[in-house]
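Below, each chain spelled out in residue letters.
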Amino acid sequence: MLNCIDNSGAAIVECAMVIGQKRHASIGDRIVVVVQKQRDAGAAGMAAASGAKVKRGDIRHAVVVRTKQKVTRRDGSCIKFDDNACVLINKSGDPIGSRINGVVGMELRKKKWSRILSMAPSQA
Amino acid sequence: MNVTPLARRPLSCLKTSLLRQARQQKMFSRSLATEVQAAAAAATSKTPSQGPDQNFFANTYKTDRLVDKKTKSVRSAFALYPPPLAAAGKPLSPPSTTNPVAALHDLQIKKLDPTGARTALFARTREAAKVGDILLVTHRRGGEPFAGVCLSIRRAGIDTAVLLRNHIGKVGVEMWFKIYNRNVAGIEIVKRRLKRARRARLTYMRKPKHDMGSVAEFVSAWRKSRRVFQTKGAKGKAAGQGGQGGKKRK
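Those sequence lines, one after another, are chains A and B.
Its first residue numbered 1, the first sequence is counted upward by one per residue in full-length UniProt numbering.
Its first residue numbered 1, the second sequence is counted upward by one per residue in full-length UniProt numbering.
If we strip away everything but chain B, and leave its shape as in the complex, we get (with noise of 0.2 angstroms):
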C-alpha cells in the first residue's frame, strides 16, 4: 500500500512504517466480520452445557444464529442466557394474579382474629363502629381501659387502628390502637355519634371550639346500665348485650 511513499522516506523510518503497515492489517482482521465469529466461538464455548437448550435458542433466535458448518453447533454474536428454571427443571410459570400481600393479611387476620368479630366491629356496616362514636379499649396488660371519641380509623389489613381521644384531667389524650393487637383484650362501643359523621377524619374535634372533653361520663353512664343488666340475672344480661348491639367481649 505504502509502497511509493515508503521509497521517498529516510531509511530510519523504514521500521515504523512497516509497522504501521502492520497495524493496519491487523486493524482489518480485527473489523465486524471476524468479530462476530470471535464472539459466536465464546458463545458456543458455553452451549454445550445448556444441552436441550440449545434446539430452543435455534428456533426463537433464528435471526441471531450462525450455524458452524463442521461442528453444526449453533453461534450466535449475542449471549444466550437459559430461561429460568424451576425446581423440577421445568419452566416457571407466569407469575400468579393474586395480590399476595393482601393474602398474607387474611392470613394474618385469621390468625389473630379467629371469630371474626374484630373485623365485623369495624367493617364497613351499618352496625359497626364509626368515627365520633365513642370507644372503649380494655388492655389485657393491666392499665385502665382507654376510652375515647373515635377521631379515624386507619385500615390497612392487619395494621387497621382506631384513634381515640379523650380528655383525663384536663389534658387532651390521644391513644392508637391497633385492633387486632392480642394486647388488645377488647373493643366496645359506648355511646354511637347521633348523626353519621360527614367527615372520614374528625381532627377538628382537637380544636378548643369542637372538643368533646372528657368522656368519662358516658363511660360511667354505659357501666351503670350495664350492671343494670348484670345483677338481674342471665336473662337480663342477655337482653342487655343484644339491646348494645354492636359489642364486642372477648
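Same shape as in the complex, but just chain A (with noise of 0.2 angstroms):
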C-alpha cells in the first residue's frame, strides 16, 4: 500500500509487481498498482464532475518517489522518507496527473524521470 500524491484521483493504491527486476521497489523504480482508494475531499464532486482520471480497482503503472527504506547515496549520505509514495504514469511513463503534492527523492533523476521531478514541489 502506497500513497499517491499526484492528482490523478487516485489516494491510496496498492503494489501488484515491480517491473523489470525481481527485487523490491526503490526511488525510480517503476510498478504496478491497483487503485484502492480514490481521493474524495472535494474531488468526489470534481471526479464526477470532470471524472477522475483513475477509479479505484483501476489497474495503473507508477512510479515509486519515496520510501520508508534508508536509500543510501553514493557520497555516503542516506535518506529515508516517513511513507512510501508513488506518481501514477501510463504505459508509455508519462505522469496520469499534472501536478504533484509533496516531496520527491532526487534518485530520480539518476533513473530518468526529470517529467516527474519538474512538477514535484521540492525534492530532497
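Just so you know, these hints were derived from the structure itself, not from any lab.
Keep in mind it's a predicted model, so treat the numbers as computed, not measured.
Where is the CB? At the ideal position from N, CA and C, for every residue including glycine.
Check the hints yourself; a few may be wrong.
[Stated by the list, open to error] Taking lysine-lysine and the BS3-like style, the derived pairs with C-alpha atoms no more than 25 angstroms apart in a straight line are:
| id | chain 1 | residue 1 | chain 2 | residue 2 |
| --- | --- | --- | --- | --- |
| 1 | A | Lys37 | A | Lys53 |
| 2 | B | Lys130 | A | Lys80 |
| 3 | B | Lys130 | B | Lys195 |
| 4 | B | Lys170 | A | Lys70 |
| 5 | B | Lys209 | A | Lys70 |
| 6 | B | Lys170 | B | Lys207 |
| 7 | A | Lys110 | A | Lys91 |
| 8 | B | Lys170 | A | Lys68 |
| 9 | A | Lys22 | A | Lys53 |
| 10 | A | Lys112 | B | Lys191 |
| 11 | A | Lys80 | B | Lys224 |
| 12 | B | Lys207 | A | Lys68 |
| 13 | A | Lys68 | A | Lys110 |
| 14 | A | Lys110 | A | Lys80 |
| 15 | B | Lys191 | B | Lys224 |
| 16 | A | Lys80 | B | Lys209 |
| 17 | B | Lys207 | A | Lys80 |
| 18 | A | Lys91 | A | Lys112 |
| 19 | B | Lys207 | B | Lys130 |
| 20 | A | Lys111 | A | Lys22 |
| 21 | A | Lys37 | B | Lys170 |
| 22 | A | Lys68 | B | Lys195 |
| 23 | A | Lys70 | B | Lys207 |
| 24 | A | Lys91 | A | Lys53 |
| 25 | B | Lys130 | A | Lys70 |
[Stated by the list, open to error] Stretch by stretch, here's where chain A covers chain B in the computed footprint (C-beta under 8 angstroms, at least three residues):
| id | segment |
| --- | --- |
| 26 | 143-149 |
| 27 | 159-173 |
| 28 | 176-182 |
Two independent chains are provided; combine them into the complex using the hints.
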C-alpha cells in the first residue's frame, strides 16, 4: 500500500508487481499498482464533473518517489521518508496527473524521471 | 618364529605363511625407532639450503635434535621451519602496538578536514553541535540545503555522520550526512537545544507525540538574523559570526 501523491484521483494504491526486476522496488522504480482508494475530499464532486482520471480498482503503472526504507547515495549520505509514495504514469511513462504535492526523492534524476522531478514542488 | 605350526600345515600354505613372516619382519623394520631416522633424513635434505639457521635450530630445539655422527648435521623428527624474515634478511620486528585503523582514520581526516573545523564541530566539547540541535547542511553539488533536528551523531572516525530529521510538506524526511564528505560544503548550527538532551539518540522524536515538525521557521529566522548582520557592514558581520558561535563555514 502506497500513497499516491499526484492529482490523478488516486489516494492509496496497492503495489501488484515491480516491473523489470525481481527485487523490491526503490525510488525511481516502476511498479504496477491497483487503485484502492480514490481521493474524495472535494474530488468526489470533481470526479463526477471532470471524471477522475483513475477509479478504484484500476490497474495502472506508477513510479515510486518516496520510500520508508533508507536509500543510500553514492556519497554515503542516506535518505529516508516517513511514508511510501508513488506517482501514477501511463504505459509510455508520462505522468497521469498534472501536479505532484509532496517531496520526492532525488534518485528520480538518476533514473531519468525528469518530468516527475520538474512537477514536484521540492526534492530531497 | 612360526616354525612349529609351519611344519604341521599343508604344503600349499607354505607360501602364505612365509609371506606372513616376511610381512612381520617388515613391520618391525617400520617401527617407531626407525621412523625417526626416516623423517630426520627428510628434514636434513632441506637443511643445507637454510644455512645459518641450522645453528638456531640446534640451540632452540635441543630436545628434538639428533646429530648425525657422520655428517654432523642436525636431524629432527619434526618439520623445521625458518623464522619469518623481513626483506633485509633480518628477523621481523614484533608488531607495533599502535592501532593501524585509527592511524589511517587520522590520516584521512587530516586530508579531508585540514582546518579541523569539522572535527571541532562534532567533538565532545561544550561548543560542539549536539543531538537536539537544529543543523543546516549545505551541499556543494546543487540541491537545497537540508536543515533538520540532529537525532544522532554516529562517531566513527572518518565515517562520522549525523542524522537530521525534518518535515518537508507534511512528510517526515531523515537524512544521514557524512561530516567529512567533500560534497558537504558546510554544516551550521541554526538553533541549539535549550536543555541538553538526556539521550544519545533522540529516536523518540520520530513519534508523533514528540515530533518537532518542520524546522523551516527556525531556519528562516536564523537566515534573517544573519542578513541583518550582513547588511550592517563588515564590523557587524564579524560580530554576527562571533555571536553565533560554533558555526562553521568553508
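These are the hints, each one checked on the structure:
1. A:Lys37 <-> A:Lys53: 13 angstroms, holds
2. B:Lys130 <-> A:Lys80: Holds, because 21 angstroms separates the two Cα atoms, which is no more than 25 angstroms.
3. B:Lys130 <-> B:Lys195: 11 angstroms, holds
4. B:Lys170 <-> A:Lys70: 18 angstroms, holds
5. B:Lys209 <-> A:Lys70: Distance ~23 angstroms between B:Lys209 and A:Lys70 Cα, so the pair holds.
6. B:Lys170 <-> B:Lys207: 14 angstroms, holds
7. A:Lys110 <-> A:Lys91: 20 angstroms, holds
8. B:Lys170 <-> A:Lys68: Since the Cα atoms of B:Lys170 and A:Lys68 sit roughly 14 angstroms apart, the hinted pair holds (cutoff 25 angstroms).
9. A:Lys22 <-> A:Lys53: With a Cα-Cα distance of about 29 angstroms, the restraint between A:Lys22 and A:Lys53 is violated, given a limit of 25 angstroms.
10. A:Lys112 <-> B:Lys191: Not OK: A:Lys112 and B:Lys191 at ~37 angstroms, beyond 25 angstroms, violated.
11. A:Lys80 <-> B:Lys224: 29 angstroms, violated
12. B:Lys207 <-> A:Lys68: 15 angstroms, holds
13. A:Lys68 <-> A:Lys110: Cα-Cα ~19 angstroms, so holds.
14. A:Lys110 <-> A:Lys80: 17 angstroms, holds
15. B:Lys191 <-> B:Lys224: Within the cut-off at roughly 13 angstroms; holds.
16. A:Lys80 <-> B:Lys209: This hinted pair holds, its Cα atoms lying about 20 angstroms apart.
17. B:Lys207 <-> A:Lys80: 15 angstroms, holds
18. A:Lys91 <-> A:Lys112: 16 angstroms, holds
19. B:Lys207 <-> B:Lys130: 20 angstroms, holds
20. A:Lys111 <-> A:Lys22: Given pair A:Lys111, A:Lys22 holds - Cα atoms ~17 angstroms apart, limit 25 angstroms.
21. A:Lys37 <-> B:Lys170: 20 angstroms, holds
22. A:Lys68 <-> B:Lys195: 30 angstroms, violated
23. A:Lys70 <-> B:Lys207: 18 angstroms, holds
24. A:Lys91 <-> A:Lys53: 14 angstroms, holds
25. B:Lys130 <-> A:Lys70: Holds: B:Lys130 and A:Lys70 sit about 23 angstroms apart, inside 25 angstroms.
26. 143-149: Three-residue rule met by the segment 143-149 of chain B, so holds; n is 3.
27. 159-173: holds (count 8)
28. 176-182: Coverage by chain A holds here, the residue count being 4 at a Cβ distance below 8 angstroms.
Checked against the numbered hints given earlier, the structure breaks hints 9, 10, 11, 22 and satisfies all the rest.
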